[in-house]
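A.B. asks: Construct the entire structure; sequences and hints are all you get.
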Amino acid sequence: MKRQYYILFIIIFICIAFVSIKKYHFVVPKSWPKPTYDFSQNPLTEDKIELGRVLFYDPILSKNNTISCASCHSQYTAFTHVDHALSHGIDDRIGNRNSPALMNLAWHNLFMWDGAINHLDLQALSPMSNPNEMGEKIEHVIIKLQKSKSYSFLFYKAFNDSLITGEHTLKAISQFMLTLISSNSKYDSVMQNLTQFTNQEKNGYRLFKQNCSSCHTEPLFTNVKFENNGLSLDTLLKDYGRMKVTKNPNDSLKFKVPSLRNIEFSYPYMHDGRFKKIGEVINHYTSGIINSKTLSNQLQKKIVLSSNEKVDLTAFLLTLTDKTFLFNPKYSYFKK
Amino acid sequence: MRIISCFIVVLFFFNLTIVIGQKNKFDTLNFIPIYGSIPLKIDDAFYAFKDKDSIQFDELKFYISEVELINGNKLVWKEPNSYHLIDASNLKSLQIILNVPQNISFQKVKFSLGVDSIVNVSGVRGGDLDPTNGMYWAWQSGYINFKLEGKSNLCKTKNNEFSFHLGGYQYPFYVHKSVVLDFKKNSNTEIIIDLKKMMDYVDFAQQNHIMSPSNQAVLMYEKALEIFSNK
Chain A
-7 MKRQYYILFI IIFICIAFVS IKKYHFVVPK SWPKPTYDFS QNPLTEDKIE
43 LGRVLFYDPI LSKNNTISCA SCHSQYTAFT HVDHALSHGI DDRIGNRNSP
93 ALMNLAWHNL FMWDGAINHL DLQALSPMSN PNEMGEKIEH VIIKLQKSKS
143 YSFLFYKAFN DSLITGEHTL KAISQFMLTL ISSNSKYDSV MQNLTQFTNQ
193 EKNGYRLFKQ NCSSCHTEPL FTNVKFENNG LSLDTLLKDY GRMKVTKNPN
243 DSLKFKVPSL RNIEFSYPYM HDGRFKKIGE VINHYTSGII NSKTLSNQLQ
293 KKIVLSSNEK VDLTAFLLTL TDKTFLFNPK YSYFKK
Chain B
33 MRIISCFIVV LFFFNLTIVI GQKNKFDTLN FIPIYGSIPL KIDDAFYAFK
83 DKDSIQFDEL KFYISEVELI NGNKLVWKEP NSYHLIDASN LKSLQIILNV
133 PQNISFQKVK FSLGVDSIVN VSGVRGGDLD PTNGMYWAWQ SGYINFKLEG
183 KSNLCKTKNN EFSFHLGGYQ YPFYVHKSVV LDFKKNSNTE IIIDLKKMMD
233 YVDFAQQNHI MSPSNQAVLM YEKALEIFSN K
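For the record, the sequence lines run as chains A and B.
All the letters of the first sequence, read from the start, carry residue numbers -7 to 328 under the working numbering.
All the letters of the second sequence, read from the start, carry residue numbers 33 to 263 under the working numbering.
Just so you know, these hints were derived from the structure itself, not from any lab.
Note that the coordinates shown come from a computational prediction; the quantities given were computed from them, not determined experimentally.
Treat each hint with caution, since some may be false.
Chain A side only, calculated, beta carbon under 8 Å to chain B, not exhaustive [claimed, not checked]:
#1 Asn34
#2 Glu38
#3 Asp39
#4 Ile109
#5 Asn110
#6 Met120
#7 Asn122
Just so it is clear, CB atoms sit at the ideal spot from N, CA and C, and this is done for glycine as well.
C.D. replies: Here it is as structure tokens:
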């Protein structure tokens, strides 16, 4: 009898040990591919995600404590910087690109418009240290965080170690970003036969599959590749995109294909935010393509759309809006 | 009786661990930075450079990885998870302690200068590989394998500064090679780092800064490999 108590006690102890680490179940939306992020190297837990969320909204990450990640990645606009063609950072300094929307990042291998960052865990380093963005060295960020009692507590809770390191800081931010999943738009409901497109949306979807989906591939609405989509070179910014990273002329003017999910709210469009409206984007593809050596194969054949078809295509694109994502309280500002 | 037998068993294992512990001997690799024949210091010291000019070093940091011991042509020991950040201004880092079993004899020490490509593409790491060590490029993923910064009157730059950040994990700008040094003695191996061997190659009129993976970085890295010797 005594022995049974011992066993029971051990079982309860093990259960408590497991329960105290609140694991987070990453749910892959129905019929989506497997994520490419290796979760075994950074297993998600509720506490780490919470820490990442606090860091995401904290301007402590910037040199003068004025700019947080959320300054240029606002939830209500699919985590991008709405209304600003080029995003601005500390001291109102203007960067040279439009901040990308953050969603479904577990399916991406390379980050930034030019793919300069090769892993989500290292992504946050780049804006932190860019003088036009947050302008702060991670070494200093860590010193600032170490001085904060509330962060010591949060790091201890998350990593069982109150020593704050670069590795843990970046992994926590990465965990929060991994939870930003947008998969609940009208389009998704239609795919699951829960609702139906209007005739206009249906026609737009047909046109989309004919003309756009080879690069903006479903269900992510990006093939996560780099393409030259025929934009003219901005003579002031002289941004050659991917070529800067690979130094390979075949990558000249190639930029990462962005997802079209939540496109309604993530304006302005393109790497330099040159287009304010979806209509301008569609017009670019029908009549603005500039031919060059590296122009995407998918754009070699002219896209022809009547003005009615353009309206239908736009109607379809608006079905990619996911309000449960844009207004999900789990993603919003979180006070320590 | 039962307690006594338990005690004996515990004592036996305790003894066993002591015996095993004794069998292990710590070996160290000692890195000794010099400039020509003079000990190198990371501070205000000036060194003669190319006859009549001068040079000063503010920072010398690099990664040593994949430490291996070789006997003849045979690999006899390999350090697991072998990544060490050497910082010439931090005495402690100049000594790598290796947990080599005592019965191993070797004539050669092999190590790589820098961090392999797998580590470069597999996310963030801690310890010596933590990005807070100033050896990670923030704007573009990748470790800086070798970092040398300083001043020379020959540099026509702001404050006469030069800085060489050498790294790159993708072809054609891949910089990650190994160095093999012969050793007669088995323990406390001293490895000389003679920066003069590298600086004699540098033409400050042509280049003062290397900050990203490039052809220049590949060429300069080859020279950085030559600074290591066993006296």
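A.B. asks: Could you run down the list of hints and mark each one as holding or not?
C.D. replies: Verification of the supplied hints:
no. : hint   : in the structure
1   : Asn34  : holds, 7 Å
2   : Glu38  : violated, 20 Å
3   : Asp39  : violated, 18 Å
4   : Ile109 : holds, 5 Å
5   : Asn110 : holds, 4 Å
6   : Met120 : holds, 7 Å
7   : Asn122 : holds, 6 Å
Violated hints, listed in ascending order, are 2, 3; each of the other numbered hints is respected by the structure.
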